[in-house]
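Chain V is already provided as a structure; the job is to place chains Z and F on it using the hints.
Chains as they are written, first to last, in numbering that gives the first Met the number 0: chain V, 0 to 97; chain Z, 0 to 278; chain F, 0 to 295.
One or more of the hints may lead you astray.
With a Cα cut of at most 20 Å, we get these calculated EDC-like pairs of lysine to aspartate or glutamate [claimed, not checked]:
1) LYS277/Z - GLU50/F
2) LYS233/F - GLU215/F
3) LYS65/V - GLU89/V
4) LYS173/Z - ASP29/F
5) LYS262/Z - ASP41/F
6) LYS65/V - GLU93/V
7) LYS232/Z - GLU79/Z
8) LYS206/Z - GLU50/F
9) LYS16/V - ASP41/F
10) LYS277/Z - ASP29/F
11) LYS17/V - ASP67/V
12) LYS16/V - GLU36/V
13) LYS17/V - ASP19/F
14) LYS131/Z - GLU79/Z
15) LYS221/Z - GLU13/Z
16) LYS232/Z - GLU38/Z
17) LYS4/V - GLU50/F
18) LYS173/Z - GLU192/F
19) LYS173/Z - ASP203/Z
20) LYS277/Z - ASP105/F
21) LYS4/V - ASP67/V
22) LYS56/V - ASP73/V
23) LYS110/F - GLU272/Z
24) LYS110/F - GLU243/F
25) LYS233/F - GLU243/F
26) LYS16/V - ASP67/V
27) LYS110/F - GLU273/Z
28) LYS17/V - ASP41/F
29) LYS233/F - ASP19/F
30) LYS262/Z - GLU50/F
31) LYS232/Z - ASP162/Z
32) LYS232/Z - GLU217/Z
33) LYS173/Z - ASP200/Z
Quick caveat, the hints were computed from the structure, so don't treat them as lab data.
So you can see what is in the structure, the chains are spelled out below.
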Amino acid sequence: MEQLKFEYPSAKRHVTKKAHVGVVGSGDMEVLMQPTETGSAYVSIQTSVNGFSSSWKAVMDRFFSKYDGAVRIDINDAGATPGSVMLRLEQAVEVIES
Amino acid sequence: MSIQVGLRGKAWFEALTGKNSPMAGDPDSVLTADVKIGEDTARFLCVVPNPQARFPCARRGEVGLEEAYTLAARVNEVIEQNTSADKQPISARPIIAIVDVKSQAYGRREETAAIFLACATAAEAYASARMKGHPVITLVVGQAISGGFLTHGYQANRILAFDDSDVVIHAMHKEAAARITLRTVAELDRLGHEIAPLSYDVRDYAKLGLLHKLLHVEDPDKPARATVAQVQKELIDAVADARAGSTDLGNRLTSNAARETRKASVAARAHIEEQWMKA
Amino acid sequence: MSYPTVIPEFVLRQSFIELDARARAQSLMDPGSWRELVGPFDRIESPWLPEQGIAPQFDDGCVVLKGAIAGKAAVVIALEGGFQAGSMGEVSGAKMAAALDLATRDSQNGKTTVAVLLLETGGVRLQEANLGLNAIAEVMASILALRQHAPVITVIAGTVGCFGGMALAAGLSSYIVMTPEARLGLNGPEVIEQESGIEEFDSSDRALIWAINGGEQRVAMGVADELVLDDAQKIAAIVRSHVEAGLPAVHRSQQVDLYRERIRALDTSRQIDPLTLRETWGGKTTVSKTRKGVTR
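This is chain V alone, in the form it adopts within the complex (with noise of 0.2 Å):
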């Protein structure tokens, strides 16, 4: 088991819904993503696949180079791929945007 986090100051814009998006079978994930309290986005990882810590940073810096929502994300993985944990969190972006 792996906890990452990461942080994303530039991520400011104030949002205010909700989304939960996924369930955690084999090789799927789920992603809560909510409005921070802190100010800027921040993402909580818990994974059962270990070793992947510079992948989940590429898909999340990719990620927040195209939202800037002040949110929080947490995500419960069981070995998504990176075009899979990118789909959760656009439909999560969905929810939340809409």
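Below, chains Z and F without anything else, positioned relative to chain V:
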């Protein structure tokens, strides 16, 4: 294992009741007897091996179709006798399950004939008796595994178990669990010592807060008279304790051990209640 | 010339099986009537999974919705088959039992509250073993307590089905609704093959599995109440009708003498042909108090 599963149950049923046979019309795998303990006449029930059982997969002490429906019938009988009293209802008499069961019966006939329903009827009988005020006491003298235990014993007000290495309470046999979780038996043992709910050791089971008492008895395979008398006294005390408590399973959350090991259960329940009241 | 557009029913049909537990539960409740209790944002997870290297789920695989069905107070409790095969752990079991107990309490205080259980589950979560097994015992006790006041309606839709200790919980229910894809049994075919040999049950024989445990068989032999196609609206309609019907006159799990006789009458010298049980057992069990003239 020093003794075949089910034989210790048989030995203790006989030691506590002086009897060793099924009631008229019942299969040889279910022993039932009405015997005085203290001021009460308790009904004792035990599932034992029956090599001549009609169902081939239920010959070694498993709880199968016949066993489950027989238990249900004999427990319901106690409830019916109590409620059909002409004048005052008789004081709801104790029901004592002596448990040494390998598991539920694993067979095609069993699935075809809906063993899930059979087991449900027995569990319902025990639970109904409990809810109607009968003290239901379970004494685990050997194994209490999975569906067998859910059917025969787990609906009790109070569960007692011997502090003995042949007493195993668990969701799945070690060998089968090792196969399914792709671990070795040695790894399971190690894991069990670190994570209490996974342990095959009854002393770790006791930490979960579900047991009323862990009983230290001399030579549980061949109990001496003094040992039997000791256990009888514990049963009488458990009956009194059950009578003084509620008819639900709440003591499994409020025991000292449960407060330690079942914090997540307590928290989850508290949160559900808090939000229920606001919803 | 214009032609009217005809959309075939099977295109309009919303699959219930394709929905996750949360969406299934929502689809059964009166729109706008429900709130989720202890959902994923509360993060009440399993304390036992992370230390075994298994990713937990924020709701521990159990969804609790409190609201109304057909205008009557109801709680829907759904197990997520996609998480650890819907298995019962300490937390998911505690959520289910607590919700049932609160429905009982409300019912005792004059607000009769029905429970609907969506059981997509393999039984005990082996990674929580004894706490999972006890949780099932507690759920069974809670079902029986609520059943004194209000019906407990179980829906098994697939693809996981309802196996293990939770099949006993299904057996205690007031009504069981199944799809043809669903299965209900105490022991899965792999476990039987493992414990009793491949002659006893070849777990690769899919036709055999559904012939014994499948929804069509269970309903036809009278140990489940309704067979419904995988259609969310149809399933919701059947659940509503059971909520409206209320408690049955007698529960199936109370009919001990009937079933004891049926077991006595079986020829156990060979395997039992499931089809014969459709004839000898079929349609003679749960009768709703309010359903006149319909024997199920």
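Hints, one by one, checked against the model:
no.	hint	verdict
1	LYS277/Z - GLU50/F	violated (34 Å)
2	LYS233/F - GLU215/F	holds (16 Å)
3	LYS65/V - GLU89/V	holds (11 Å)
4	LYS173/Z - ASP29/F	violated (46 Å)
5	LYS262/Z - ASP41/F	holds (16 Å)
6	LYS65/V - GLU93/V	holds (13 Å)
7	LYS232/Z - GLU79/Z	violated (27 Å)
8	LYS206/Z - GLU50/F	holds (19 Å)
9	LYS16/V - ASP41/F	holds (16 Å)
10	LYS277/Z - ASP29/F	holds (18 Å)
11	LYS17/V - ASP67/V	holds (15 Å)
12	LYS16/V - GLU36/V	holds (13 Å)
13	LYS17/V - ASP19/F	holds (19 Å)
14	LYS131/Z - GLU79/Z	holds (11 Å)
15	LYS221/Z - GLU13/Z	holds (11 Å)
16	LYS232/Z - GLU38/Z	holds (12 Å)
17	LYS4/V - GLU50/F	holds (19 Å)
18	LYS173/Z - GLU192/F	holds (17 Å)
19	LYS173/Z - ASP203/Z	holds (15 Å)
20	LYS277/Z - ASP105/F	holds (13 Å)
21	LYS4/V - ASP67/V	holds (18 Å)
22	LYS56/V - ASP73/V	holds (14 Å)
23	LYS110/F - GLU272/Z	holds (16 Å)
24	LYS110/F - GLU243/F	holds (15 Å)
25	LYS233/F - GLU243/F	holds (15 Å)
26	LYS16/V - ASP67/V	holds (14 Å)
27	LYS110/F - GLU273/Z	holds (18 Å)
28	LYS17/V - ASP41/F	holds (13 Å)
29	LYS233/F - ASP19/F	holds (17 Å)
30	LYS262/Z - GLU50/F	holds (16 Å)
31	LYS232/Z - ASP162/Z	holds (17 Å)
32	LYS232/Z - GLU217/Z	holds (15 Å)
33	LYS173/Z - ASP200/Z	holds (11 Å)
Of the hints listed earlier, those the structure fails to meet are numbers 1, 4 and 7, in rising order.
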